[in-house]
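Can you build the whole structure from these sequences, using the hints too?
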Amino acid sequence: MRLDFSPQEETFRREAATWLEGQLSGPFADLRTGRAHDISAPERRKEWERALGRARWSAIGWPEEYGGRNATLAEQVIFAEEYARARAPGRLGHLGIELCGPTILALGTEAQKRRFLPKMSAGEEYWCQGYSEPNAGSDLSNVRTRARLEKGPNGPEWVIEGQKTWTSLAQFADWCFLVTRTEEGSTGARGLSYLLVPMHQKGVTIRPIRQMTGEAEFNETFFDGARTAAENVVGAPGEGWKVAMATLSFERGASTLAQQMGFRNQLDAIIGAAKDNGAARDPLIRQRLAEAYAGLKIMRASSLRMLTSAQSGKLSPEAFTYKIFWATWHRKLGELAMDVLGPAGELGTAAPYELQELTKMFLFSRADTIYAGTNQVQRNIIAERALGLPKEPRGGA
Amino acid sequence: MRLDFSPQEETFRREAATWLEGQLSGPFADLRTGRAHDISAPERRKEWERALGRARWSAIGWPEEYGGRNATLAEQVIFAEEYARARAPGRLGHLGIELCGPTILALGTEAQKRRFLPKMSAGEEYWCQGYSEPNAGSDLSNVRTRARLEKGPNGPEWVIEGQKTWTSLAQFADWCFLVTRTEEGSTGARGLSYLLVPMHQKGVTIRPIRQMTGEAEFNETFFDGARTAAENVVGAPGEGWKVAMATLSFERGASTLAQQMGFRNQLDAIIGAAKDNGAARDPLIRQRLAEAYAGLKIMRASSLRMLTSAQSGKLSPEAFTYKIFWATWHRKLGELAMDVLGPAGELGTAAPYELQELTKMFLFSRADTIYAGTNQVQRNIIAERALGLPKEPRGGA
Amino acid sequence: MQFAFTEEQDLIREAAQTFFREHGASQRVRAAMETPLGYDEGSWATMVREMGWAGIALPESVGGTGLGNVELAILQEEAGRCVQPSPFFSTVCLAAPAIRHAGTPAQQESLLGPIATGEARAALALTGAGGAPGLEGIGVTLERSGRKSRLVGEASYVVHGHAADLLVVAARSPGSRGAEGVSLIALPAGTKGVRIEKLVALDLTRPMARIRLENVEVTTTQILGEPEAAAAALTQALRLAQIALAAEQTGGAQGALETTTAYAKQRVQFGRAIGSFQAIKHRLADMMIAAEAAKSAAYYAACIADTAIGELAEAAAIAKSRCSDAFFDCAANMVQLHGGIGFTWEHDAQLYFKRARASSTLLGTPQYHRELLAQLMGLGAAS
Amino acid sequence: MQFAFTEEQDLIREAAQTFFREHGASQRVRAAMETPLGYDEGSWATMVREMGWAGIALPESVGGTGLGNVELAILQEEAGRCVQPSPFFSTVCLAAPAIRHAGTPAQQESLLGPIATGEARAALALTGAGGAPGLEGIGVTLERSGRKSRLVGEASYVVHGHAADLLVVAARSPGSRGAEGVSLIALPAGTKGVRIEKLVALDLTRPMARIRLENVEVTTTQILGEPEAAAAALTQALRLAQIALAAEQTGGAQGALETTTAYAKQRVQFGRAIGSFQAIKHRLADMMIAAEAAKSAAYYAACIADTAIGELAEAAAIAKSRCSDAFFDCAANMVQLHGGIGFTWEHDAQLYFKRARASSTLLGTPQYHRELLAQLMGLGAAS
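Top to bottom, those sequences are chains G, B, W and V.
With my numbering, letter number 119 in the first sequence gets 119, and the count goes up by one each step, no holes.
With my numbering, letter number 187 in the second sequence gets 584, and the count goes up by one each step, no holes.
With my numbering, letter number 36 in the third sequence gets 830, and the count goes up by one each step, no holes.
With my numbering, letter number 241 in the fourth sequence gets 1418, and the count goes up by one each step, no holes.
Any given hint could be a false lead.
[Said to hold, decoys possible] A few chain B positions that, by computed beta-carbon distances, are all more than 12 Å from chain W:
no., residue
1, Arg441
2, Gly487
3, Gly552
4, Pro634
5, Ala677
6, Ala748
[Unchecked claim] Which chain G residues face chain W? A few, computed with CB under 10 Å, are given here:
no., residue
7, Gly26
8, Pro27
9, Phe28
10, Arg32
11, Thr33
12, Ser186
13, Gly214
14, Pro343
15, Glu392
Read the hints as simulated data drawn from the structure, not as lab findings.
Everything numeric in this text was worked out from a predicted model, so none of it was measured.
Positions of the beta carbon are idealized from the N, C-alpha and C atoms, including for glycine.
Below you can see the structure in the form of structure tokens.
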């Protein structure tokens, strides 16, 4: 167990840092924001994705043939750190690169890999995720979107009917990876399939969902006879549940480190505000700032534990607890931000309802304990899968 | 809605205060401790109970014919306050006076009232409660102690077999009110009866349970062919569940105010310690002391709401929340006490394991959220009975 | 001793419930909050003209109903239950008590009369840009030169200041601190030199304004009561306002609990109503525990305010701190237990959540009130 | 970068688990804690002679194994998992680092040698009756007059002080404060003028003693290292001890979680294993979340201590505060979820609960360490 890096790894760090600095003080200086959630200037940000792709910094852990570098775990950690340190922008391509791409890498056919991965890592095609539905929020197995195989002009095609919700970045996406029911009459986790569906077609409609921040970063996406080729299914038809669960597990990769650096920027902004307005002298605020700082350090240590374990093929217990830990931490950070800012934090910056960054973070953080498994669902998973406690009786729906 | 008292009520207050002061600075000065949980000097404390009984201060809300004064609610509130203000000792007779007596008053026969209530209020007979069993802790309906009717020398008798646990004061009790299964083969809440059983007989064995404080205030009580006359059943045989539930509701009477005054003494001791050792200057400790103080004031207000509602025959919502509120409050008070005392609070006063009063309170308070319905069971009750949420599925045991 | 509502008080509550069932309905609240004024003028007119609520806690001598703080708490609770937007709190709970406790009988009559009859909406301009609660936060200076006086400075966070006909301005003599040098000045909103700017506030159901005073001339009759008594009067008025706000928060907590309970009964996940899962049930139970404790604190404080027994300062600090926490906890749970939908603009959870946050800050945070309470408890000064 | 245990470290853990399965069994712990010594001499002899654990983090030059703080953390974690009583913590985690960081090479060799081989049990006498953590709490004075020195005063809360052969006494020159004037003195327990009294401690598995020093004569060679370096050495040693204690707390949290999980699977109420109720499941999940975070904090800190990257002060403060809280939460839940039985003397829940409380206080409370952390974060001084 050691935390330091080898000389070769330090060389890699310098290479990454130099490239990032060159780009972000040069052609992409306008994108140097360090903001994780930012959907402004999408075209400009696609240019950034393509620049990353050209320099092979887009998906460094992937094999070289798909645009990656075969980077080691330590290198992935280093790059995530340097990316955040350089205050590089949030990745418009992250749903593809971090969720769908690894799923195809692990479970897709050779043809799927060749078709989808290079365009993903090159920033040429963007992805969104179609899991949640209005009646399948915490209970993903309740998916009602359905697809059937029909004859199409160029061979058999899946024809999809249904509604997905909380599809972030759908407005910028070229493709959607979605879980849909493909066996008529099936219920629960059986009979689902994991389809790859083009977004630019007549049968797909996107409607933004306005959040409590007043902004609309999520969407409802309607599939009304949308089509995709029969071969665009990852894993066997009917095995979509297993494939989707695999995707969920990829959410715990090196990207957690990038997320943490985003959190660090927020914490630094709060500390700065506390020093400015005197809240940093308040012993209660100090306790909470210290607690937040400690939590962030612990997240980093937990990520390194998870990543090292994942590398050795072991499932580590902290992986079960990571999501609820960061979500709860971040929600508390939002409350701390507001308490540090005091009444001034409740004033917006422009009519009709433009709020300050930290105020938006406070509101947005309330969703952290809801999406990707509510805290309640997370506790169930921990109790049942990690601790082996008996399952909750299911209703007879 | 008003909180002040009438001139007549103030006269009553003076009468009570004068009597208490006379006794507790006179013949009973040695009992002026203000400690609620105290099982030392039981004989001396039975003398105190008898003195209360002779002066009709023992069960003032009861009818005069059973030793009471027909006191109004306001008078009961006043007496509870003055009793605590005078730092009068905890009542050795409280399980009878506060739980069993009101049950007999409400649901007993005229003969039972005449037989049991006067001796209870006079401090001549003491009672303990036989509800919990090793396998019926939170789940009272799982009672396995059983009784059957047999012919005895003076008529039919209940013969009781089984084990009760957490029977506090059993070592000083003359009688036990106990819930037992009287219908063979019955399960759950059906087939239970509420029996009154003499403790001084061959078939009853008491074994103290040592607690984490090192002391033994509770007992296990074994019934091994213990007997009681057939008429000593409150309510109909088989209806014991309803009767026991009625008793539980009596726990929310004016005695809550006396309990609060005991809490106030503990809080005052903590405040005193904080002033002495400088902890009172610590802004975090100040917050917690203020929070504790506020909680206590809220308990008083809630008690007054409950009592006033009970008087008008209405079931008030705060009655559902009272137990978990005080139990959780008290448990936090224990933690606050230890944090105020600092390392010195972790040193005992005498070998082998005599701890300081507040340290014992810290340990003892851990039981508050367990007995008389754990916090988990309390939340279930609130959710199902007060909010009308669906019941938890029960296992098929 | 009778710690339950009287029959008359129950009737007031029923009337309020009937009123808010219509005027506090979600679509009306939302329509109102998006207007520049931020509230529904029709609803306001009904409240103050037909129902006569503006004068409920004012003496009959100035045209009020002559009831008290318990009755006011009932109205506030019901208004809070549906997060209704209106200048009721600023007018009746903030400005009116300040006038009543600071003003001479003549000032009371002239200023409270129009409030009681619903002709005037009023606001209390208290807190400067720094945002510190209480007297320490006053950001306006009253400069006296000879017989003329001038107001200079800024008050921010003025609840419904943009909708007020009458401003009650708290000011200080230059360089004064603490209870010294405080004055309260009655200022028609249209006075020369008064600049009122509606702010973008987190809580859209309770807009705030920034009020800049640029050498505003003040006559002696506009200064309420005797100068040396103003600080005490203002402190007393703020305690009453804190209690009224606590009552409103209690209603907010109750509203969040009711809506969430109803949702938990009908929303099905994993083949069961989610309200049958202990994870949900127990959080709803926790909400009820908090809400009931809040009610006890608020009713107790309102009672103390009316019967003059015990310590009002203490009761106000307890009520404001506890009801703030209870409302925030309940509103936060309302968001969480609704899942994704609770996070949307369309669902009312956001209204409760923002109101909870903003009302927790308003008139002093829970932490501020607990520190006050620590001082009242005799713990001395903090280190 | 390899943030997982090595194979060698896994072997150390397995050996420790095997050892504690026997020597940390409930009845042995209980029998030991009721003896005057408070621990089992046979178990201790096995630990230090056969297993060689006393020297695990000591250099080979003094007879140690030459491993580091990660290996020590593993042993502490496994010892904590069964709340095993022994002078290991006082000797190996408290006294030894103080000698190692303060002593001259000659002092290290003469004093650490017997510790590494298991011949000597040692204790650190640091904190006076006031109980303040760190250097501020030192209650012993070192009076120098000419070439003679004398120790006067009292150290309380001395972990396993009654069982120590060697005392490391922290002392101050008269009137000194902060890092100035601190010395560390090696004192055989039998020295004339040393009065050792075993105290009644809440946590029976870790007895403490009060040590009174009545004009105890000290030679120059007993004073460890250079006087001006002692404060820094002691501070460094305390940080390592805090990390070792944090590791032990992590084990305690894990032990509480495991025992309670097992109980929840077998205890039936309402016709179901209580572990099938979400109320129980979710609290167990919360315990696991806290325990895993504690492990991350403790392992990270132990790693920092060995690799000299990053800030040890920060890592120690984070580990000690978080692991204290995690252990207390887990132990409190252990009591609660066991119901009535968890409150009895016979059940082990009380041992975990008391150890959790006492170890939270020992070497600085979570609040103390968070305030330290606030200073390290550059927040300046508190008001």
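Against the structure, the hints come out as follows:
1. Arg441: B:Arg441 clear of chain W: closest Cβ-Cβ about 34 Å, beyond 12 Å.
2. Gly487: 25 Å, holds
3. Gly552: It holds; B:Gly552 is separated from chain W by about 48 Å at its closest Cβ, greater than 12 Å.
4. Pro634: The claim stands: B:Pro634 keeps its Cβ more than 12 Å from every Cβ of chain W (closest is about 34 Å).
5. Ala677: 5 Å, violated
6. Ala748: 35 Å, holds
7. Gly26: 37 Å, violated
8. Pro27: Violated, about 35 Å.
9. Phe28: 32 Å, violated
10. Arg32: Since the shortest Cβ distance to chain W is 27 Å, the answer is violated.
11. Thr33: 22 Å, violated
12. Ser186: 15 Å, violated
13. Gly214: 7 Å, holds
14. Pro343: 4 Å, holds
15. Glu392: 7 Å, holds
Taken one by one, the earlier hints fail for this structure at numbers 5, 7, 8, 9, 10, 11 and 12, listed in ascending order.
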